[in-house]
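Please build the complete structure, drawing on both the sequences and the hints.
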Amino acid sequence: MSARETILNAVRAGLDSRKVDAEAARREADALLQDLDAIRPKLPAGALVDAFIARVTSPKVAATAERIKDITELPAAVRRYLDAHDLPPHVALQPAAVLEDLDWVALETRDGVKPDDVVGIGIARWGIAETGSLVFHSGPETPILANFLPLHHIVMVRERSILAFLDDYAVAVAGQRPPRNVNLITGASGTTDIEGSLVLGAHGPAHLHVVIVENDIHGDIDADKSTPGASS
Amino acid sequence: MQEAPVSFKLRADRALADPTLKIAIDRTTGTAERKRAVAMTQFPQFEAARERGKRIKNHVIANLDHYLLEFERNAIASGAKVHWASTAEEASQIVVALCKQANAKRVTRVKSMLGEEIGLPHALDEAGIERVETDLAEHIVQLGGDRPSHIVWPSMHRTREQVSEMFKRAHRVPHQEETIEAMVASARRELRDKFLSADVSISGANFLIADTGATCTVTNEGNAELTTTPPRVHIVTAGIEKLVPSTEHAFLMLRLLVRSATGADVTQYTTFHCGPKQAGDRDGPEEFHIVLVDNGRTRMLADPALKEMLRCLRCGACMNHCVVFRQLGGHVYGGTYPGPMGAVLTPVFDGLEQSRDLAHACTMNGKCQEVCPVAIPIPTLLRGWRDRSWREGLEPAAARFGLGIHTFVASRPRLYRLGTAIAIKVMRLFSRGGLVRGMPGLGAWTKYREFPAPAKRSFMAMYKDSEGKR
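Chains as they are written, first to last, in the working numbering: chain E, 1 to 232; chain A, 1 to 470.
Hints may be right or wrong, so weigh each one.
Looking from chain A toward chain E, a few residues come up when the C-beta cut is under 8 Å (computed) [claimed, not checked]: (1) Ala-48; (2) Leu-64; (3) Leu-68; (4) Ala-137; (5) Gln-142; (6) Asn-220; (7) Thr-229; (8) Thr-247; (9) Arg-282.
Source of the hints: derived by calculation from the structure; they are not laboratory data.
All of these numbers come straight from a predicted model, not from anything done at the bench.
We put the CB at the ideal spot given by N, CA and C, even for glycine.
Below, the structure written as C-alpha cells:
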C-alpha cells in the first residue's frame, strides 16, 4: 500500500470511517466565516485611505507614506525620497509598463532588480487598511525578487485598490486562478532573533516607503492573467 | 531527533546551573510575553476569534480526508507534485531523493519545525549536500552546531556576545561594531549570494489551502522568499494537520497565530505559494513539490486523549508563558518541540518511555491553555500522559514505592495526622525567615527552589479547635 493510501485509511479509521459529505462540509466551512466583525479588529472611523496611511506609518508597521494626485507625480516623489535619504539617483523599476512609461527625467532607471540594488520601485495591486499590508501577485510584470533585493523599497498603490480587511482580499480573488506567489508585505524586513531585539533590514529591504495615488491609473499590471477555474 | 541518552533530570540540572542561559531565556520570553499582552488589549475580539479558530480547526480535523484530497487535487492542477510520507524517515528520504534527482550541490532552507521533526538537517548532511540555513536564528544554530531551543526563536539560548563570537569566526566579512544591528548586517552579507546560487530550496508551511492548493508561510526576515524564488526546485514539507478550507479561513487563523507568537498583528511577509513558475513569470522554481507528512498525526487523530493537539498552530505562546520552560529553556525537553506543546507531542514521536518525564515537568498552573490561540487543554493532555505512564508501569520503582506509602498513610487519618504533626515540627526547624531553603533529604529539591515554611499547626488541628469553641 502506498503512503498515500496508508495515511488516508488511517485518517478515515480515526474518524470512525464516517463518509464525508462534501456539500455539508462546504456549508459548515462557509458558516465559520459568518459575522466577521465579531472576530476581527475594528478600523478607525473615516476614509479607508486615511486608516491605511495611519496604519502604514504607525510604529507597528514603521514605514513612511505619502499621497500624490496623479501617477505622473511619482518620479518627483521618488526624487524627494532619494534627496531626503542622501541616495544616488539610480533606481531599479519593477518591469511594469505603468512604471516604465513614466517620464523619469533626471533619474537613471533600470528594468529589473539586481542583488545589490539600493532603491527599487514597485507597484502593489492592493493595500489593506487593517494591517497596512501591500499585496503583490507574481507575473510577467512582477518578479518576486524585486520585492526583496533592494535596500529601499518604494511602492505605489492606487487609492481605489485599498481594501478594509484581509478577508476582503480573499473575497476579491476567490475563484480566480492563483498566481505562483502572493506576497503580503507589511513594513520592512526585520528580525528579533538576537535577544528578541528588533533590527530592520534583516535579509530584505530595510526601508519601505508607500506612495498612494489618488487618480485612477490607466493600464493594469498583468491585467489579463487571472482566469477562473482553480477552485473546486 | 534524539538527544544523547542523558536523563531529563540531568539535562535540567545542567540548564539550571548555567547562568547565561537564564539571562538569554528571560530576554526573549519576557519581551514576547509583554508584546502579546499589549496585542491582546488592542484586540478585544480575541476570545471570540479564538473560539472561531478552534471551530475551524475542529471542522478541518473532522473532515480531514476530504480536505487532504481537495488540497491534493488543486495542488496538482496548479502544477505541483504532491508526495505523501507516513513516517519521519520516509519524509526525509523523499526530500533527499528530490535533491539528488535535481543534482543539488547546495540547498537553502527556510526554518520549518516540521523539517526539524523529520530530521531533515541531519539527512541532508548525511547525503553530503551543502545545507544553508537562511533564517537568522537557524543560521546561528547551524554555526553553533546545536539544535533549536524555541520554535519561534530557535537561537534564544544564545546571548549577543556568543553570536558575535560565532559570526566573527565564520563570516567572510564580519561585523566590526559590537551591536546587534552590525551582526544582522554581517549575516545579510554572508548569506545573500548563497540564496541566489542554490539548486534547491526547502521550506515548511503554516497553512495548506484546500480550495487553491497553495501553501502559506509567515515570516519576518524576507529570507523565505529570497530562498524559495531563485532555485530551480522548491520543496515544501508540511504536516497533514495544516489544512484550512480556504484563503479566508487562513486569514482568520493568521490573526490568532501572529499575535500569539510575537505580539505583532501580522508578520512582515505573508506568502502564498501555488505551483511552479507560470507562463510569463519572471522568476520562480521550475518544479514545486509538496511532501505531506503524517508521522504520528493519524495516531493522534484516533486517540481521544491527543486529538485536540492537532489544532496546534505552532505559535510558541505556551512556552513563552510556562514557568518551567522559562527556568529550563528548550534543549532540556529533548525533542523537536519544547515547552508544554513539546511535552504533549514528544511522547507521540519518541515514545512515552523515553519522554515520560516531560509530562511531570509541569506545575498544572494552566497558563498554557489560557494563552493558546486555539484553546488546547494542554494540562489535561499532560495529565493523560501521566496517567498512561502510570498504567503502563513506566514510573520508576521509587515513585511507585513513595506513592504506595503515601496512599497507605493518607487512607489512615490518625497515622496521617501524626505524620503531618511531626513533619511540621521538623520543617519549621529548618526554616529561616519563613522559607525552607535546605533540609536533610531534600537537597535535590531545594537546590534551585525554596518553599514557604508550614504554618504552626495543620489545618485539621485548627479546624478541630474552632469546632470546639462553638
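Cross-check of the supplied hints:
no. : hint    : verdict
1   : Ala-48  : holds, 5 Å
2   : Leu-64  : holds, 5 Å
3   : Leu-68  : holds, 7 Å
4   : Ala-137 : holds, 4 Å
5   : Gln-142 : violated, 13 Å
6   : Asn-220 : holds, 5 Å
7   : Thr-229 : holds, 5 Å
8   : Thr-247 : holds, 4 Å
9   : Arg-282 : holds, 4 Å
In the structure shown, a violation is registered for the earlier hint numbered 5 alone.
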